[in-house]
Amino acid sequence: MVPVEPVEERRQPRATGGPARPCVPAQGSARSYDGYPEASEADAARRLPERHSIRDQVLAALRDALVDGELSPGTVYSAPALADRFGVSATPVREAMQQLVREGAVEVVHNRGFRVAERSPRDLAELAEVRALIEVPVMLRLARTVPAQRWQELRPLAEASVAAAAEGDRAAYAEADRAFHGAVLALAGNAQLVRIAEELHRRSQWPVPARRTRAAELLADATEHAVLLDALAAGDLPVIESLVREHFHGAWS
Numbered sequence: 001m002v003p004v005e006p007v008e009e010r011r012q013p014r015a016t017g018g019p020a021r022p023c024v025p026a027q028g029s030a031r032s033y034d035g036y037p038e039a040s041e042a043d044a045a046r047r048l049p050e051r052h053s054i055r056d057q058v059l060a061a062l063r064d065a066l067v068d069g070e071l072s073p074g075t076v077y078s079a080p081a082l083a084d085r086f087g088v089s090a091t092p093v094r095e096a097m098q099q100l101v102r103e104g105a106v107e108v109v110h111n112r113g114f115r116v117a118e119r120s121p122r123d124l125a126e127l128a129e130v131r132a133l134i135e136v137p138v139m140l141r142l143a144r145t146v147p148a149q150r151w152q153e154l155r156p157l158a159e160a161s162v163a164a165a166a167e168g169d170r171a172a173y174a175e176a177d178r179a180f181h182g183a184v185l186a187l188a189g190n191a192q193l194v195r196i197a198e199e200l201h202r203r204s205q206w207p208v209p210a211r212r213t214r215a216a217e218l219l220a221d222a223t224e225h226a227v228l229l230d231a232l233a234a235g236d237l238p239v240i241e242s243l244v245r246e247h248f249h250g251a252w253s
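Residue numbers (UniProt numbering): 1 to 253.
Each statement offered as a hint is correct.
Here are the computed distance ranges between Cβ atoms for each label pair:
1. Leu237 <-> Gln99: 35 to 41 Å
2. Glu70 <-> Arg144: 40 to 46 Å
3. Ala148 <-> Gln99: 38 to 44 Å
4. Ala60 <-> Asn111: 23 to 29 Å
5. Arg85 <-> Ile134: 31 to 37 Å
6. Arg144 <-> Thr75: 45 to 51 Å
Calculated directly from the structure, the hints in this document are not laboratory data. Only a predicted model underlies this, so the values are computations on that prediction, with no experimental measurement involved. Built from N, CA and C at the ideal position, the CB exists for glycine as well.
With these hints in hand, go ahead and build the complete structure from the sequences.
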């Protein structure tokens with residue numbers, strides 16, 4: 001598990017050069033392609049805070065551990081034990097675990113700690129269905145209005161997901177996949193849409209199913225991003241719908 005380095009607990013703007021995050025590309029008009037005002041950089045910063053406090057670092061490490069399978073479904077973990085592994089006090093660990101409780105990744109076990117939630121195949125299928133109900137109509141609408149060049153600006157995010165998948169790094173791929181989908185949906189200019197889609201994305205990624213996803217499966221999942229961008233740029237609506245629905249039932253299911 002990645003160690004956590006103690007830092008000052010104060011809000012700071014995110015440093016440049018970090019991992020890509022779901023946001024509206026900087027270029028373009030002040031309005032989105034779906035009629036809503038585009039989110040400013042300040043708005044994006046408020047939605048996606050910097051992982052700078054000890055609590056935020058612990059939360060990020062726990063999320064990675066869930067995706068990587070280091071924290072096993074059905075297993076109970078105590079805050080003090082996790083704190084020892086991270087080299088921090090139990091307080092930020094408890095705070096981070098409470099956030100994971102709200103996200104549905106773990107549940108409280110009285111006087112023992114936190115149990116990692118177990119996902120059934122039906123749970124994952126239902127999450128995939130809900131994600132498709134939200135994202136497919138939005139992408140079809142954006143395909144009719146967003147210029148082809150704007151889709152090309154998202155190409156680096158698609159490439160980042162392929163690079164992470166090629167390394168077999170599940171946590172890095174999860175971040176890149178979330179960044180790609182967030183950037184696409186952000187073109188609709190609806191911050192609530194992006195927030196809800198991100199929450200569903202997280203719920204669909206952890207805890208990982210018993211069957212470990214192979215690097216080849218991650219790579220196949222990642223390459224669909226570039227194909228989707230091509231379809232969006234071409235306005236090929238049937239291909240877009242098919243790709244998105246199949247993508248949500250891919251490597252994470």
